[in-house]
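Chains as they are written, first to last, in the numbering used here: chain A, -17 to 187; chain B, 6 to 105.
What the hints contain is simulated information worked out from the structure, not anything from laboratory work. It is possible that some hints are incorrect.
[Said to hold, decoys possible] Taking lysine-lysine and the DSSO-like style, the derived pairs with C-alpha atoms no more than 27 Å apart in a straight line are:
id: 1; chain 1: B; residue 1: Lys71; chain 2: B; residue 2: Lys89
id: 2; chain 1: B; residue 1: Lys76; chain 2: A; residue 2: Lys58
id: 3; chain 1: B; residue 1: Lys60; chain 2: A; residue 2: Lys58
id: 4; chain 1: A; residue 1: Lys58; chain 2: A; residue 2: Lys126
id: 5; chain 1: B; residue 1: Lys71; chain 2: B; residue 2: Lys60
id: 6; chain 1: B; residue 1: Lys60; chain 2: B; residue 2: Lys96
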Amino acid sequence: MSKQINDFIRQTYQYFYIDGLPELASGSMYLVTGILLAVMTRVESGTLAAGLVGLALIPIILGGIYLQNRLLRHLKERITYLRSGYVSYRRERKDSRRWIVIVVALLLPFVLTLLPEQWQDLPLVIGGILGSVHIYMGYRLSIKRFYIEGAFAVFLGIVAAIFLNNEVLGAAIIFLGAGIVLMAAGGLTLRHYLQTHPLPDEVTG
Amino acid sequence: MNEQLRDLVDIDRTIHEPARLAILAILWAAESVDFLYLLNTIELSRGNLSSHLSKLEAAGYILIQKTFEGKIPRTVCRLTDTGKAAFEGYKEQMRAFLAG
């Protein structure tokens, strides 16, 4: 037992992401958000239809988060806890994460529907925020793949801000691109996890 | 006996053992964990881990509950308030000792 005490603490925090399932769940939510934003680009901005699509984002995103959390817990019970053990995290950690997502989900439709006509920096802001969140998580948890996911979101934000003159389409492309990268990273992590963590004998037998 | 040596003598021996210290560190970071997670992370034998868990439970530092998830038994451990205070006190004592 050569590990330092801090390694055990860090490893316990990292464990939530060991199977790639949280990235698959977040990636799917990014994809849904990206698709909804892409739909918004098809309706004329400033109209009632645009407002309704913007408002529909709130229940869809919040409902999606609720379903995603339930599905994530179910999959962890069936896949992860059987193979490498069960860990439950303290309430305050879960609550702070949940509140960040809820505030972003509530603000996003208003920002998108009320923003000035030509706010070309919006993709840059969204890419910057998504990228910062992932990079910060990578730093806090010492998980290197989060840096790549964050850098990709920032890159998408810069590209969308430079080459697109439709800010909502730019935001849609960032969410779709970041969602695809998250799902790919989550899928690869899950495959590696399943290869390295077979079911124990007492479960298979 | 000088003060530094007295600090070392006062160290909580239940926590000072490396495997038990690792168990408490893990439980300090999480709300609760099961036996399988501790087994995989600390890399002890089942018997050895059980013995350390029993000592921590006897000291009042952890709670052990046996539950079922479907048909699969799960032994869940969590830190008590006494255990949390003891672990944080130990960290403080060690920091003070090493600084002095």
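Hint by hint, which ones does this structure get wrong, listed from lowest number up? Number 3 - this is the single hint that the structure violates.
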